Amino acid sequence: MAANTDGTSAIDVRSNVFDYAPAPESRAIVNLRTSYGLFIDGEFVDPSGGGSFKSISPATEEVLAEVSEADEADVDAAVRSARRAYTRTWSRMSGRERGKYLFRIARIMQERSRELAVLESLDNGKPIRESRDVDVPLAASYFFYYAGWADKLEYAFPGKVPQPLGVAGQVIPWNFPLLMLSWKIAPALACGNTVVLKPAETTPLTALLFAEICQQADLPPGVVNIVTGAGDTGRAVVAHPDVDKVAFTGSTDVGRQIAKTVAGTAKKVTLELGGKAANIVFDDAPIDQAVEGIVNGIFFNQGHVCCAGSRLLVQESVAEDVLARLKRRMSTLRVGDPLDKNTDVGAINSAEQLAKIRELSDVGDAEGADRWSPPCDLPSNGFWFPPTVFTGVTQAHRIAREEIFGPVLSVLTFRTPKEAVEKANNTPFGLSAGVWTDKGSRILWMANQLRAGVVWANTFNKFDPTSPFGGYKESGYGREGGRHGLEGYLR
Amino acid sequence: MSRLDVRKTYKLAIGGAFPRSESGRSYEVLDSKGAFLANAAYASRKDARDAVVAARKAFAGWSGKTAYNRGQVVYRVAEVLEGRRAQFAEEVQRSEGGTRRQAEAAVDASVDRLVWYAGWADKIAQVVGGTNPVAAPYFDFSVPEPTGVVAVLAPQDSSLLGLVSVVAPVVVTGNTCVVAASAERPLPAITLAEVLATSDVPGGVVNVLTGALGDTAPTLASHMDVNAIDLTGAFGDADQALALEVAAAENLKRVRRPAAEEWTADPGIDRMTWALETKTVWHPIGI
Amino acid sequence: MTTVVPATGSPATTDLAQVSSSDSALRRFLHGLPGVDQVGAEARAATLGTRSIKTTSKAFALDLAIRMVDLTTLEGQDTPGKVRALCTKAMRPDPADPTCPSTAAVCVYPDMVPVAKETLGSSGVHVAAVATAFPSGRAALDIKLADTADAVEAGADEIDMVIDRGAFLSGRYLQVFEEIVAVREACTRPDGTSAHLKVIFETGELQTYDNVRRASWLAMIAGAHFIKTSTGKVQPAATLPVTLVMLEAVRDFREATGVMVGVKPAGGIRTSKDAIKYLVMVNEVAGPDWLDPDWFRFGASTLLNELLMQRTKMTSGRYSGPDYFTLD
Chain A
633 MAANTDGTSA IDVRSNVFDY APAPESRAIV NLRTSYGLFI DGEFVDPSGG
683 GSFKSISPAT EEVLAEVSEA DEADVDAAVR SARRAYTRTW SRMSGRERGK
733 YLFRIARIMQ ERSRELAVLE SLDNGKPIRE SRDVDVPLAA SYFFYYAGWA
783 DKLEYAFPGK VPQPLGVAGQ VIPWNFPLLM LSWKIAPALA CGNTVVLKPA
833 ETTPLTALLF AEICQQADLP PGVVNIVTGA GDTGRAVVAH PDVDKVAFTG
883 STDVGRQIAK TVAGTAKKVT LELGGKAANI VFDDAPIDQA VEGIVNGIFF
933 NQGHVCCAGS RLLVQESVAE DVLARLKRRM STLRVGDPLD KNTDVGAINS
983 AEQLAKIREL SDVGDAEGAD RWSPPCDLPS NGFWFPPTVF TGVTQAHRIA
1033 REEIFGPVLS VLTFRTPKEA VEKANNTPFG LSAGVWTDKG SRILWMANQL
1083 RAGVVWANTF NKFDPTSPFG GYKESGYGRE GGRHGLEGYL R
Chain B
643 MSRLDVRKTY KLAIGGAFPR SESGRSYEVL DSKGAFLANA AYASRKDARD
693 AVVAARKAFA GWSGKTAYNR GQVVYRVAEV LEGRRAQFAE EVQRSEGGTR
743 RQAEAAVDAS VDRLVWYAGW ADKIAQVVGG TNPVAAPYFD FSVPEPTGVV
793 AVLAPQDSSL LGLVSVVAPV VVTGNTCVVA ASAERPLPAI TLAEVLATSD
843 VPGGVVNVLT GALGDTAPTL ASHMDVNAID LTGAFGDADQ ALALEVAAAE
893 NLKRVRRPAA EEWTADPGID RMTWALETKT VWHPIGI
Chain C
182 MTTVVPATGS PATTDLAQVS SSDSALRRFL HGLPGVDQVG AEARAATLGT
232 RSIKTTSKAF ALDLAIRMVD LTTLEGQDTP GKVRALCTKA MRPDPADPTC
282 PSTAAVCVYP DMVPVAKETL GSSGVHVAAV ATAFPSGRAA LDIKLADTAD
332 AVEAGADEID MVIDRGAFLS GRYLQVFEEI VAVREACTRP DGTSAHLKVI
382 FETGELQTYD NVRRASWLAM IAGAHFIKTS TGKVQPAATL PVTLVMLEAV
432 RDFREATGVM VGVKPAGGIR TSKDAIKYLV MVNEVAGPDW LDPDWFRFGA
482 STLLNELLMQ RTKMTSGRYS GPDYFTLD
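Residue numbers (the numbering used here), protein chains in the order written: chain A, 633 to 1123; chain B, 643 to 929; chain C, 182 to 509.
Treat the hints as calculated values from the structure; they're not laboratory data. Be aware that one or more of the hints could be misleading.
[Claimed, not checked] With a straight-line Cα cutoff of 30 Å, these simulated DSS-like cross-link-like pairs (lysine-lysine) come out:
#: 1; chain 1: A; residue 1: K973; chain 2: C; residue 2: K494
#: 2; chain 1: A; residue 1: K1071; chain 2: B; residue 2: K707
#: 3; chain 1: A; residue 1: K892; chain 2: B; residue 2: K699
#: 4; chain 1: B; residue 1: K765; chain 2: A; residue 2: K784
#: 5; chain 1: B; residue 1: K650; chain 2: A; residue 2: K1055
#: 6; chain 1: C; residue 1: K494; chain 2: A; residue 2: K959
#: 7; chain 1: A; residue 1: K959; chain 2: A; residue 2: K1055
#: 8; chain 1: A; residue 1: K959; chain 2: C; residue 2: K235
#: 9; chain 1: A; residue 1: K973; chain 2: C; residue 2: K454
#: 10; chain 1: B; residue 1: K765; chain 2: A; residue 2: K1094
#: 11; chain 1: B; residue 1: K765; chain 2: A; residue 2: K1071
#: 12; chain 1: A; residue 1: K973; chain 2: C; residue 2: K235
#: 13; chain 1: B; residue 1: K688; chain 2: A; residue 2: K792
#: 14; chain 1: B; residue 1: K675; chain 2: A; residue 2: K1055
#: 15; chain 1: C; residue 1: K454; chain 2: A; residue 2: K1094
#: 16; chain 1: B; residue 1: K688; chain 2: A; residue 2: K892
[Unchecked claim] Stretch by stretch, here's where chain C covers chain A in the computed footprint (C-beta under 8 Å, at least three residues):
#: 17; segment: 652–659
#: 18; segment: 909–918
[What the hints assert, rightly or not] Across the chosen pairs, the derived CB separations fall in these ranges:
#: 19; chain 1: C; residue 1: P279; chain 2: A; residue 2: R1003; range: 45 to 55 Å
#: 20; chain 1: C; residue 1: K454; chain 2: A; residue 2: R746; range: 13 to 23 Å
#: 21; chain 1: A; residue 1: K892; chain 2: B; residue 2: G676; range: 32 to 42 Å
Since we're looking at a predicted model, the values are computed, not measured. Don't be surprised by glycine CBs; every beta carbon is placed ideally from N, CA and C.
One chain only, chain A, in its complex shape (with noise of 0.2 Å):
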């Protein structure tokens, strides 16, 4: 136990006897189709046009399967089964058994878990310890949660007699493509509405498997419907006339224009939108946790998060220390194979995605901002991004503005509570933050005086489904989650 004093060999865990082997989970749990239709009136048919598109790993751009593309008039039969569906049997039936189904996929998810997760991460490129920690198990209890909901919802909203709205088009992302899913359609089910529900272009597999579980619970045909395709069946749902409610998540571009397209009707909207979140760490901070919120905050899900923590406000007499301390642990981050266990980081989602990633950076170099990532070998295949963080940012570069969707944090300094909020509020946007302080009361003030729907202290990028989550301004609105995610669903 000789006295060692020598401390200036940098920690580098790469380069270490310890390295951990791979650790893959197993596809074989997983049983692809060659080839998917669409889920229309309880089964899987051939698409009107005869068109499709290919899912693939963003891991290694290797094929998965043949997805089959919607188009108007697939949607139309889609909207006409949900309507059926809703009018003969799903509007009719008790809250209780409505629940009942509802729990019954629950526990179906559950039992599937594992397949669910394995299927994310192929398609998702998101590292496997999340799909399976956080994804799939959260995704579930949604379903728990809103199936307790369905034979109460007489006490969910005082003085009023709780209806349902009718047929649901949903039309959900690529970054959490089951959860997505869970928190539009347990909702709008609990609630007695039907749904056609269009998963993103780039991650349909899950809600095909979704699909096959309704099958599996005996769902009433037509009360959940599933088409796929890209934007414009996106368009076709939310434009169908025979749609009485729209839930969106996605970006704030597409929000607007769903706006614009069911302005002057009747149906109700919700709308889940993009931002660009300050985690504000004060010079009080409990340290070692706020680093870790920092880093769960942007590079989860490959920072492929619409509450992300993009902007990180540190106060300038900690900063130095919070960026060696954050540069440090960035350094240990797992960049790699999703299906790997010991990832903490996969594949960008799409070549598109990894193109703005890129474009945005280069902004950021451009306009004079210091890019530092750690060492990591990306693999040859695929679409990948190292973690990368921005200092020397100000309020004006574009990369502390818009959206990046990616593992890229730009940091920029306060010297004040005021000037935090200030920072923190300076954009169109509203969706999350995040506060670091040992000390209470300027947690609460904070999260007062912070325009944004969800405000995070001393923790970051937590769901539950009892949890209302949505966005001030541009943001979006409607709220997801807890009762206040009732309200979308009735009238």
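Place chains B and C on chain A using the hints.
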């Protein structure tokens, strides 16, 4: 010889002041029988923009007051309105027609509505907010917060009760607003603004524009610093309502679409909740 | 003179000597350390616990874990026979397999040091003695120092002392500090060399991670060679998050001073899977420099056989059973 009456020119209410339209324009307000009633300012696009700036400026202060205090202020408005019952009854009757008794009933209902909403100020958070029992060691709660600056197109028909019914719920929860008053029946709105100015409502919380919607409403609907818009006043003109909703989409305004309304009915809490955000706050529970 | 920069990065750099110059200076320093959020720390520890270790890394990890064990017996019923058996086990944990490494040390009460020393001879396995009125620490200072000096004189290579938790919890930090300094002096041998000092916090009694972080810094400034979680006599003993906080402390201490301090979780670590989780944490939090018996130890008894069974499984491909390993 009979005394020559002093005719009042009704001005705008912006930021606690009562300016003429910056355009210098005014228009003749006629009574329900078509006779001249008064001159009112004809608000321009610039007036609408000024009103938004005033409302934004007032937002931090007004939303930062305690709910109890906002309730007291709105109750004070009811008190002062009650004290000017006769004047309002006169204006309502001449604007809307009908009997004196009907007009008085509308004024009484307006006072009662203000009292009703005043009481909501410090209760709405308890009804629509609460704690969320998340499945992890966090204290998680949701509170309603005002969405910000709200543009309100007041109903064209019900010049006082309708007006109070759309404005009170928006401001009692902490929003500030720009009201486009009924184009043909604007007098009670301006008189109400005078009431507000004398009953502790800070300047800029309620700004009142008079004149045709065609000039003010598109400015408000497309204004990027307006957070929400109530299109009630566009009821009956589907094309106008559609154009305004499309314009409002540019910054994802919360939109309340026009609908047929029965102003004497129990309003429920919808007219508060539509202009409220839900903020959810998480914090770990640990030692 | 070493300068300690508090991890908050506060502008004031504090002189080590000044930190311990008075009770109030020490309190200011320790209470100026950043707080630890319990939920966040536990979540981080749990995430590290999900790391999956396979094949060659696992074989390496198992052997490393065996080499890090302080094989312990601390019972009223200990006898020379029991201690001799323990020492034999420490030197050759798996008599059937000569490639199996020996443990780092045996850990015994001071009166058993001569027996242990005699049995271990020049095997390289150290003798660690728990001193200072272990486990409660409730005795006068001169008795604690005599306890320590006796053990060192009897040949102890390492001293595991307990801090005065009563003094710590009532805020008499300087008293705790001075006691550690005094014990460290008592570790000095006539030839000027010194037994290595491990400072036990009994984290189960300190309760909060804030206290664990403060105790860590206090002990490191006082000159501890190792900081150790528990006596094994109080529940909870070692946990992953407590060890996480201590690993963060030694990491930060080295950043600030250049001095490396070791960490020893003790008590409650029973399975190979647990041991590997600790090693993963050492690797990712403090860094690979600490992946060495000189800088990380497990205070354990039953853990060793669990490690041996896993080790045999790795080499033979068959799952083994307790009948195939010696009891101690």
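Okay, the hints, checked on the actual structure:
1. Pair hint K973/A plus K494/C holds up; C-alpha atoms about 22 Å apart against a cutoff of 30 Å.
2. Restraint check: the Cα-Cα separation between K1071/A and K707/B comes to about 23 Å, which is no more than 30 Å; the hinted pair holds.
3. Under the criterion of a C-alpha separation no larger than 30 Å, the hint pairing K892/A with K699/B is consistent with the structure, at around 29 Å.
4. For a cut-off of 30 Å, the pair hint linking K765/B to K784/A stands: about 23 Å separates their Cα positions.
5. Between the alpha carbons of K650/B and K1055/A the distance comes to roughly 47 Å, so the proposed pair goes past 30 Å and is violated.
6. Distance check on the hinted pair: K494/C and K959/A sit about 39 Å apart at the alpha-carbon level, beyond 30 Å; violated.
7. For the hint pairing K959/A with K1055/A, the CA-to-CA distance comes to about 23 Å; that is within 30 Å, so the pair holds.
8. Taking the CA atoms of K959/A and K235/C, the gap is near 27 Å; set against the 30 Å cutoff, the hint holds.
9. Proximity of K973/A to K454/C is assessed by CA-CA distance (about 16 Å); at most 30 Å being required, the pair is judged to hold.
10. Between K765/B and K1094/A the CA atoms are separated by roughly 28 Å; this keeps the pair inside 30 Å, and the hint holds.
11. The hinted pair formed by K765/B and K1071/A meets the criterion: a straight-line CA distance of about 28 Å does not exceed 30 Å.
12. The suggested pairing of K973/A with K235/C holds, with an alpha-carbon distance near 11 Å, which does not exceed 30 Å.
13. Note on K688/B and K792/A: the hinted pairing is violated, with a Cα-Cα distance of about 41 Å set against a maximum of 30 Å.
14. The hinted pair formed by K675/B and K1055/A fails the criterion: a straight-line CA distance of about 56 Å is larger than 30 Å.
15. Distance check on the hinted pair: K454/C and K1094/A sit about 28 Å apart at the alpha-carbon level, within 30 Å; holds.
16. Between K688/B and K892/A the alpha-carbon distance is near 25 Å, which keeps this suggested pair within the 30 Å criterion.
17. Only residues whose C-beta sits within less than 8 Å of a C-beta in chain C count toward coverage, and the segment 652–659 of chain A has 4 of them, enough to reach three; the restraint holds.
18. Residues of the segment 909–918 of chain A lying with their CB closer than 8 Å to a CB of chain C number 4, which satisfies the three-residue condition for coverage.
19. Range check, P279/C to R1003/A: Cβ separation about 53 Å, and the 45 to 55 Å hint holds.
20. Roughly 20 Å separates the CB atoms of K454/C and R746/A, a value that falls within the hinted 13 to 23 Å.
21. The beta-carbon spacing between K892/A and G676/B, approximately 40 Å, falls within the hinted interval of 32 to 42 Å.
Checked against the numbered hints listed earlier, the structure breaks hints 5, 6, 13, 14; every other hint is satisfied.
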